[in-house]
Amino acid sequence: MNPILEALIKSVAVLAVALAGFAYMTWVERKFISRLQARIGPNRAGPFGLLQPVADGIKLIFKESITPANVDVLVYFLAPIVAVVPALVLFAVIPFGSDPAFQLASNINVGALYVMAVLGVGIYGMILAGWSSNNKYALLGGLRASAQVISYELGLGLAVLSVIMMASSASLNDIVAYQQPGNILGWLIFRQPIAAVIFAITALAELARAPFDLVEAEQELTAGFMTEYGGMKFALFYMSEYVKMIGMSALFVTFFLGGWSGPFVNEAPALSLVYFAIKVLACLLVMVWVRATLPRFRYDKLMGFGWKVLLPLGLLNVVVTALLIVAGVPGYK
Amino acid sequence: MSPDLLLFLIIALVAVAAALGMLFSRSALYAALFLIMNFGAVAVLYLLLNAPFLAVVQVSVYAGAIMVLFLFVIMLLGAERLGRDPEPATMRWQRPLAIVLAVVLIVQAVYVFAARAGAAPAVAEAVDAGPLNIGKTLINSYLLPFEVIAIVLLAAMIGAVVLTRDK
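Note that the protein sequences, when read in sequence, are chains A and B.
FYI, in the working numbering the residues of the first sequence are 146 to 478.
FYI, in the working numbering the residues of the second sequence are 103 to 269.
In short, the hints are calculated from the structure, not lab data.
Built from N, CA and C at the ideal position, the CB exists for glycine as well.
Some hints here could point you the wrong way.
Per label pair, the in silico range of CB-to-CB distance [what the hints assert, rightly or not]:
#1 A:Phe222 to B:Arg128: 17 to 25 Å
#2 B:Arg128 to A:Met377: 27 to 35 Å
#3 A:Leu439 to B:Thr266: 25 to 33 Å
#4 A:Gly476 to B:Ala211: 25 to 33 Å
#5 B:Pro247 to A:Gly375: 51 to 59 Å
All chains should be modelled from the sequences, with the hints used to inform the complete structure.
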């Protein structure tokens with residue numbers, strides 16, 4: 146097949162899945178949280194409220210597009226786009242299944258680093274939205290976002306570094322291949338538990354989700370950086386958050402849960418897609434569960450935790466991993 | 103014209119335009135944004151040179167970390183607009199000095215360009231510039247510079263900690 150056509154078809158497929166995933170993730174989150182809080186949740190639009198995301202989307206499209214006074218118009222309109230694009234391009238390197246056809250950019254040797262770069266750039270949407278809105282709550286939200294993401298990116302990088310050291314490759318395909326000695330114990334979560342915990346915590350902080358959602362802490366900052374946004378522009382910020390949630394879950398699955406691996410994958414490659422989807426959904430549900438369980442961090446505690454706990458722990462984990470690999474301990478070769 | 107050359111020309115144009123935009127922008131925040139655009143364009147140039155590792159690190163370190171801190175400081179200080187008269191009276195020697203240095207740089211660049219006009223363009227060897235090879239090269243061939251840079255960075259870090267410590 147024509148490579149450009151193939152890339153086009155795959156990109157459209159990934160975009161469609163990501164956007165449908167975003168829409169129905171909002172439904173899953175609302176339903177799951179309401180069950181955890183002994184409520185029923187959305188149940189009016191369609192059976193089990195399944196048409197709720199559609200109704201929300203239509204409502205947001207028909208909202209009046211308001212530009213607040215004295216905003217920096219160019220940056221104000223650019224910020225939601227800048228927020229969404231990194232969330233979507235994150236999926237370019239993730240192997241969704243065992244077949245090369247199930248991946249966009251097949252097997253680039255800097256996959257894990259590409260992911261770090263995209264996540265690093267992903268913060269600009271929040272910062273620019275906060276700055277351009279001409280609103281002190283938004284500005285404070287943007288400031289908090291930049292400080293928080295910079296601080297937790299270090300821990301995230303160290304966790305990913307441990308994984309790269311184990312697989313001795315930064316390609317996501319090699320990392321998945323490394324985790325398949327045929328059984329579940331090959332998954333890196335069992336050999337790199339500390340890295341997995343650090344990754345999970347820093348991923349929540351990077352996403353600015355509860356308990357790290359100080360960026361949009363409603364009691365202090367109304368809605369933080371997106372205070373002045375409405376209609377589809379607001380929806381784009383929402384989209385970037387949920388698409389990034391799916392992306393982060395996919396990364397956690399790839400790094401620590403054996404990626405697409407599972408029984409009978411060799412016989413039926415399409416099964417690998419199913420396994421990947423199930424694992425990602427499990428991670429997403431844990432994120433929602435955490436949101437329903439834990440209260441928000443205080444800002445100084447957040448910074449202290451990132452710099453004084455996660456960063457040293459991550460460094461220690463890298464050193465210990467390196468020693469174990471050099472010493473040739475079984476399971477670390 | 104090959105697609106690579108066409109891509110190079112477009113990206114180079116974007117890079118130069120972004121650099122000029124950064125220089126002439128009167129808002130510190132827009133200048134920072136132009137700089138980020140420039141970093142992105144240069145990263146694509148690295149990709150065209152078969153150096154994906156360098157490209158990704160360029161985006162990750164410069165656009166993803168350093169510029170976020172720049173924006174943080176710009177927003178924190180609220181110093182995003184330049185006054186009408188940016189030239190303080192005490193720095194009058196700055197402009198002549200800058201002009202002299204700029205002329206020297208341009209003459210140098212033109213001379214190098216002219217001297218090599220007839221020479222065949224350098225062809226980069228098709229090497230694997232992935233993380234593994236870059237790591238090996240750093241540790242084997244360039245160990246001393248690598249360690250020196252590490253010590254310089256460590257010293258800078260300690261300096262920053264000492265300067266900001268509570269008295």
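Would you list, in rising numerical order, the hints stated earlier that this structure does not obey? Result: hint 4 breaks, nothing else.
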